[in-house]
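Turn these sequences into a full structure, and let the hints guide you.
Okay, here's what each chain looks like letter by letter:
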Amino acid sequence: RPERPAGQAPAQSPDAPEVQAQPSAPARSLPTPESPPPAVALPPVGTPAEPAAGAAPAESGPIAAGATEIRAQQISGTRAVELVAEGNAELRRDGILLSADRLTYSELTDEARAEGNVLVAQGTDRVEGPRANLKIAEQVGEFEAPQYRFSRRSDPAPGEPVREISGSGHADVMHFEGENQYRLENATWSTCQADDPDWYIKARDLELDYDREVGVVRGGSVIFQDVPIFWWPWAEFPLVAQRQSGFLSPTVGVSNKAGVDISVPYYWNLAPNYDATFAPRFMGRRGVQLGGEFRYLTPGYRGESRVEWLPRDAVTGEERALGSVQHQQQITPNLYGSLDLNAVSDDQYFEDLSSRLSVASQVNLLREGRLSYVASDWWSASALVQSYQTLSGEDPYRRLPQLLLNANRQDMAAGTVFGFRGEYVQFEHTDSRKPEGSRFTLYPQLSLPFERPGYYVTPKIGVHHTQYALDRDLSGESDSITRSLPIFTLDSGLNFERDTTLFAREYLQTLEPRIYYVRTPYRNQDDIPVFDTARFDFGFAQIFSENLYAGGDRIADANQVTAAVTSRLIDPGTGAERMRATIGQRYYFDEQRVALPGEPRRGERRADMLAAFSGRVTTSSSIDSAWQYNPREQLTERFNFAVRYQPEFAKALNLGYRYSREVLEDLDLSGQWPLGGGWYGVARVTRSLKENRITETIAGLEYDGGCWVVRSAVHRFATNPDDVTEALFVQLELNGLASVGSSPVNLLKRSVAGYGKINEPVSDRVFGAY
Amino acid sequence: CGFKLRGPQPLAFSSIYLGVSRQSDLGAALHRRIVANGNTTITDDPAKAEVRLEILRDQTEREILTLTGGGKVREYQLQRLMSFRLVGRNGNEWIPVTTISARREYNFDDAQILAKEQEEALLFRDMQIDLIDQLMRRLAAAKP
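Those protein sequences? They're chains Y and R, same order as listed.
Sequential numbering of the first sequence, starting at 1, is according to this note's numbering.
Sequential numbering of the second sequence, starting at 1001, is according to this note's numbering.
Derived from the structure by calculation, the hints contain no laboratory data.
It is possible that part of the hints are untrue.
[Claimed, not checked] One side only, chain R facing chain Y, incomplete, derived with CB under 7 Å:
#, residue
1, A1036
2, K1048
3, R1062
4, L1114
5, Q1134
[What the hints assert, rightly or not] Here chain Y is said to cover these stretches of chain R; the calculated rule only asks that three of the stretch's residues, wherever they fall, bring their Cβ under 8 Å from a Cβ of chain Y:
#, stretch
6, 1009 to 1017
7, 1024 to 1033
8, 1068 to 1079
9, 1102 to 1109
For glycine and all other residues, C-beta sits at the position ideal for the given N, C-alpha and C.
Laid out in structure tokens, this is it:
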């Protein structure tokens, strides 16, 4: 019976009563020697007991909780004083088994001395060696020259599989220091199953704390293939591969921007909920950068701060720095505050010093403070102060401040729903040629949702009222503008179903027409400046919205209907969706009058047509595609097509084509495939057919060594029209411990759809958990 | 062609505890759908409900989909993930932990970051409706 770590919920069995929240194994709170076990099932003294199997797993069997059972070929001594058991001697209590050639047990002190082929087993945990002294109930004692193996199950995030992590090794002495606590001298630890592990931790002093699920190493090093790869005086490492690993190892990479790139982090666990990392980083081309991170977590507040400082960049000759603060705090039970501040010394900072695409492509760095007040479950208010550091292009407006009030009341008379949005924003801009001012919006709405299994109808009426007070109006027309208009929408849909068969499988097929009507009268808005508003992208979610624009500076006049039909194939057994196809279009009854400055007004009645198809076409292939067609000019505006073939875990091939008229035309090929002998290849090429160049390339090679993985990837991507970043990532990952080197895993996961991390199984190894 | 208007399809449980506020978008939509389905009542007391819905994760993600020639983000892909399970009164699982997801893509422009923030919020709301549809399908197929 495998033991579960403390605090983890037991597996649910269908007939287990709900109250059984305790592990199903017998309680391990053993009676202390001061209060002797209630029933000691000792065989008659001096009579040989039946020989028991030597290495049988611990089994509580018929013994009462807290009772002790001793078996051996020969048992002698006095009951209640000292018993000597010889020949396949076994002592069992509450799931603990102690066996040896010779056992001496003192009932008075609850102490057992074991000699010769000693084994202590509990669940799947085993410690073996020549000699041990152990107080059974307290689990205190010493084990001489033990070989050990402890297994625990991870407590995964929902949807992720449970993993069993085994740590094993040997030591000169193992001290049992109470339940779940072990301290070892001159010890090794490894997750490799083999007797001769490919890698192990070697430590002068090793603590295994299975309550906190961390190991603490003093004077330790990691030995990989008999070569010490690094050493540190003190470190914590996760015993059950928790995500919040305290263990940090050097990262090594090469890039054309930084040169050889080595970072050696030092980690301090200042308190259980405070930690700090100091990370000097050596860049061959640029010099030594100092970096640090400080994190804290308490019930009332949490946060992290980060600084990076390069005193003198050898390429630019300048000092370069980054600072970042994130803090979240619960001020009262209803009031939350958060702070997010980010700054870099210069506009090229990320381009030059980061080889990670998600970082290098950043343009706007957020600087904001926010207060949120959640009064009850139906209304909330917030205050925001926000600006950005913009590294290229034009600065966005600053919101100094934005005040928001949102309400949503569901259970009104006759099934009506009341919605309210109130907003006050003061917009400011760094450029003095731009208008500034405040905007005050009130938008109360009433809707009447009516829903039946076969159809639904939701009429909604709202009054949108806005008032502008412009401080720096450059048009000089007026400094106060009021706009007030009613907005009516009607959303309705039908649900049809039928049973159908496709590829010899039964499905439920749906047909779901939806019609959405919007009526908004025209108000002249040409005098209103554009603070936070842009036209929505053209997609299904956007054509079913009441406004053409995101943001509050334009409310488009509308007399329009959007119609769409969706059909899905649903697995009748689980309700899971296998395929979906949608087609839709918006029709305008009137010509467009409201527009953004410089935006051409629509003359036509018919908007573009949208169509989409996605789903698993066969058990090993899926298609995802979308098409935007312009019926007036008979042109494809946008077309995306992606097909994925994924017959097995870590076998995936993707072909993607993305076309957006006059904007982009990209062809994407990516995949992961086993090459045999534990080797895997990963690659991606993105070619811009419009610009006629390759914009992103990834080539990677992985090797699975059983309890370790080495993975390398070369990544090349465009950072501006005539510059690229090239980086080489190399990572050695010791399963269950940590990784050495820059991790290309996130890069590969992002870039290669269906990428399977070869040493990390997922619950559905082909399509993931969903 | 065999399509019929969907009739009432009673769920296999007579009462459910949702564990999300009825005033939230998610809670309100689930409430309406379940009531519309017929015989199931929604209770505020998990001990009295025949089944309880546990939403274990409701997470949003954003990833770069395409880049401009200048190395800036041109399109993002948004993903919303929801993990849930349906548990009976005596702890038996009607639906084991299941993750459902919805994805949307959209054109991004750093020069319009304030507007794009609101467009993103619209897409996340749209994905939530999509997830509620998927969740209702799963609940409709649940058996003890």
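Structure-based check of each hint:
no.	hint	verdict
1	A1036	holds (4 Å)
2	K1048	violated (13 Å)
3	R1062	violated (10 Å)
4	L1114	holds (4 Å)
5	Q1134	holds (6 Å)
6	1009 to 1017	violated (count 1)
7	1024 to 1033	holds (count 6)
8	1068 to 1079	holds (count 7)
9	1102 to 1109	holds (count 5)
Violated hints for the displayed structure, listed by number in ascending order: 2, 3, 6.
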